[in-house]
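Q: Residue numbers (our numbering), protein chains in the order written: chain A, 1 to 366; chain B, 367 to 495.
Bear in mind the hints are in silico, worked out from the structure with no lab data behind them.
Where is the CB? At the ideal position from N, CA and C, for every residue including glycine.
The reader is advised that the hints may include incorrect statements.
Derived Cβ-Cβ restraints for the label pairs, each shown as a range [what the hints assert, rightly or not]: (1) His165(A) to Pro466(B): 26 to 32 Å; (2) Lys246(A) to Pro480(B): 48 to 54 Å; (3) Gly307(A) to Asp399(B): 18 to 24 Å.
Keeping only pairs whose Cα atoms sit at most 25 Å apart, straight-line, the calculated DSS-like set for lysine-lysine is [claimed, not checked]: (4) Lys108(A) to Lys34(A); (5) Lys246(A) to Lys198(A); (6) Lys107(A) to Lys404(B); (7) Lys69(A) to Lys426(B); (8) Lys334(A) to Lys454(B); (9) Lys34(A) to Lys459(B); (10) Lys127(A) to Lys198(A); (11) Lys108(A) to Lys459(B); (12) Lys108(A) to Lys134(A); (13) Lys134(A) to Lys218(A); (14) Lys108(A) to Lys334(A); (15) Lys404(B) to Lys454(B); (16) Lys334(A) to Lys34(A); (17) Lys454(B) to Lys34(A); (18) Lys426(B) to Lys278(A).
The chain contents come next:
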Amino acid sequence: MNRRGQALWVNVMTAASVDEAKYTQRGIPVSNGKLAIWLFLVTEIMFFTGLIGTYIVLRMGTPEGAWPKPSDVHLSEALGAINTFVLIFSSFTVVMAHSAISRGESKKCLNYIAITFLCGVVFMGIKAYEYSAKFSHGIMPGYIADNLIDPSLRNIDTRQPETMHLEEPEYARFIKEAGRHPYDPGAAQWFKAQVRQKLTPVAQPVLEQVAAAEAQAKEEQRLLTADERKALLARIRDESRSEEQKKAFECYQVLAALTGSGPGRPASAFEVGIMSNKLNETYHDLHLPAFIPYGNLWASCYFAMTGFHAAHVMGGLVVFGIILIHGLRGRLVKNAWNVSMLELTGLYWHFVDVVWIFLFPLLYLI
Amino acid sequence: MSEPTHAAESAHEQSLGVHGQAHDHEHEQHIPDSTFIKVFGALLVFTAISFAANQIFAAKNPVVNFLIIGFVACCKAFLVMYFFMHLKIDWRKVFVFLIPICILAPMVIVVLWPDMVLAWRLASPDTAP
Numbered sequence: 001m002n003r004r005g006q007a008l009w010v011n012v013m014t015a016a017s018v019d020e021a022k023y024t025q026r027g028i029p030v031s032n033g034k035l036a037i038w039l040f041l042v043t044e045i046m047f048f049t050g051l052i053g054t055y056i057v058l059r060m061g062t063p064e065g066a067w068p069k070p071s072d073v074h075l076s077e078a079l080g081a082i083n084t085f086v087l088i089f090s091s092f093t094v095v096m097a098h099s100a101i102s103r104g105e106s107k108k109c110l111n112y113i114a115i116t117f118l119c120g121v122v123f124m125g126i127k128a129y130e131y132s133a134k135f136s137h138g139i140m141p142g143y144i145a146d147n148l149i150d151p152s153l154r155n156i157d158t159r160q161p162e163t164m165h166l167e168e169p170e171y172a173r174f175i176k177e178a179g180r181h182p183y184d185p186g187a188a189q190w191f192k193a194q195v196r197q198k199l200t201p202v203a204q205p206v207l208e209q210v211a212a213a214e215a216q217a218k219e220e221q222r223l224l225t226a227d228e229r230k231a232l233l234a235r236i237r238d239e240s241r242s243e244e245q246k247k248a249f250e251c252y253q254v255l256a257a258l259t260g261s262g263p264g265r266p267a268s269a270f271e272v273g274i275m276s277n278k279l280n281e282t283y284h285d286l287h288l289p290a291f292i293p294y295g296n297l298w299a300s301c302y303f304a305m306t307g308f309h310a311a312h313v314m315g316g317l318v319v320f321g322i323i324l325i326h327g328l329r330g331r332l333v334k335n336a337w338n339v340s341m342l343e344l345t346g347l348y349w350h351f352v353d354v355v356w357i358f359l360f361p362l363l364y365l366i
Numbered sequence: 367m368s369e370p371t372h373a374a375e376s377a378h379e380q381s382l383g384v385h386g387q388a389h390d391h392e393h394e395q396h397i398p399d400s401t402f403i404k405v406f407g408a409l410l411v412f413t414a415i416s417f418a419a420n421q422i423f424a425a426k427n428p429v430v431n432f433l434i435i436g437f438v439a440c441c442k443a444f445l446v447m448y449f450f451m452h453l454k455i456d457w458r459k460v461f462v463f464l465i466p467i468c469i470l471a472p473m474v475i476v477v478l479w480p481d482m483v484l485a486w487r488l489a490s491p492d493t494a495p
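Using the sequences and the hints given, assemble the complete structure.
A: So this is what it looks like as structure tokens:
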């Protein structure tokens, strides 16, 4: 090819390349970093949609009124609201940090980042407190008694004095759905044994007094009559003045109902469950096994959703920690890299906030 | 053959130039701090509304409670995404990712609904296990 031919070929190729580039290489008009973070966030949205969507269908698929209420599972609305405020405030400080660095106000930016980091730490602290409360109450997947309702309760005659109490709302709420729950007699026995084991040492002072009265009657070569037992217990109840004595007496009553040593038939596992829930509400240090229908399902959803969310908060804290060190070394100055880095980190942090905006009402309010 | 390669590179640079301009233009627009402060205030008010609605309606009317709290959560998410995540400026650039997500996310629930929710609700107590 001669020189003239070569020049012509170059011109044709250049024109073709420019023309082609216009249509084939022209992408979305955002920086590579922003494109990458948005692609990442989109996958994250689908990830959390899977978790939240599963929670919604599982919850809506349970019989009405049977899904655990926040108070059943020791969730504090106030703590959830505080955490919501903390995350919203941290979102605000991130956006202000980005605004400050864009204007070249490095000191201000560093302060906002420090506040954001602190907010993240407070959020994780409250979450850790919540988790420890769940663990201490035995609210963990697989550890909750959630199938104590005997299907025979469905057709129970609540006009009888022995079963009249089952008409009360706290019992009726579950009986209405009895029969739709899976019932495991083994689990019911296990639950009763666990409650008995925990109640026995607490009720020991009352047990000893009852045992002494029984021994005295035995010496007289007779059994303690029902009236004598009733009078004895009434005396113990009247003499119970301190918190410890009252607790011991109430625990004894549940124990007597459980073992059948009290008046009437031995209580079923379901009734023991309701009684132990009441004791747990009154005496927070008892930590009796909880009876919560659908409790295991709730706990699985709760720990999966809040656990993954907390992991994302931890991830954000690591990044903010690095930015903080970066700033303390005097490197957080206005330049394209810093401005972009703060904007992209902020996008991630706002996404974490948006997830919490939906988790808070779903778990703590509705 | 070095000239055509050079020409292709210059064409590529030209195309990058288009991106560069777009990138610069991206930073020209910004949301003022006063707007962020107002949005923050609105988010706090919305949080208080959902908390108060729960105290008032949770026991009396759970459906109203659900509607108020759901609406408030959507408003809060919108405010954070529109202002804090700069969608006010970037929506035209990233809507290609977000529109499919807005369709796919509800689909996750919709496809599970018949088996997980309706099947239980439609079953009579006699046919239940």
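Q: Does each hint fit the structure? Answer for all of them.
A: Here's how the hints hold up against the structure:
no. : hint                               : verdict
1   : His165(A) to Pro466(B): 26 to 32 Å : violated (55 Å)
2   : Lys246(A) to Pro480(B): 48 to 54 Å : holds (52 Å)
3   : Gly307(A) to Asp399(B): 18 to 24 Å : violated (35 Å)
4   : Lys108(A) to Lys34(A)              : holds (24 Å)
5   : Lys246(A) to Lys198(A)             : holds (16 Å)
6   : Lys107(A) to Lys404(B)             : holds (23 Å)
7   : Lys69(A) to Lys426(B)              : holds (15 Å)
8   : Lys334(A) to Lys454(B)             : holds (23 Å)
9   : Lys34(A) to Lys459(B)              : holds (10 Å)
10  : Lys127(A) to Lys198(A)             : violated (28 Å)
11  : Lys108(A) to Lys459(B)             : violated (30 Å)
12  : Lys108(A) to Lys134(A)             : violated (39 Å)
13  : Lys134(A) to Lys218(A)             : violated (46 Å)
14  : Lys108(A) to Lys334(A)             : holds (12 Å)
15  : Lys404(B) to Lys454(B)             : holds (15 Å)
16  : Lys334(A) to Lys34(A)              : holds (18 Å)
17  : Lys454(B) to Lys34(A)              : holds (15 Å)
18  : Lys426(B) to Lys278(A)             : holds (23 Å)
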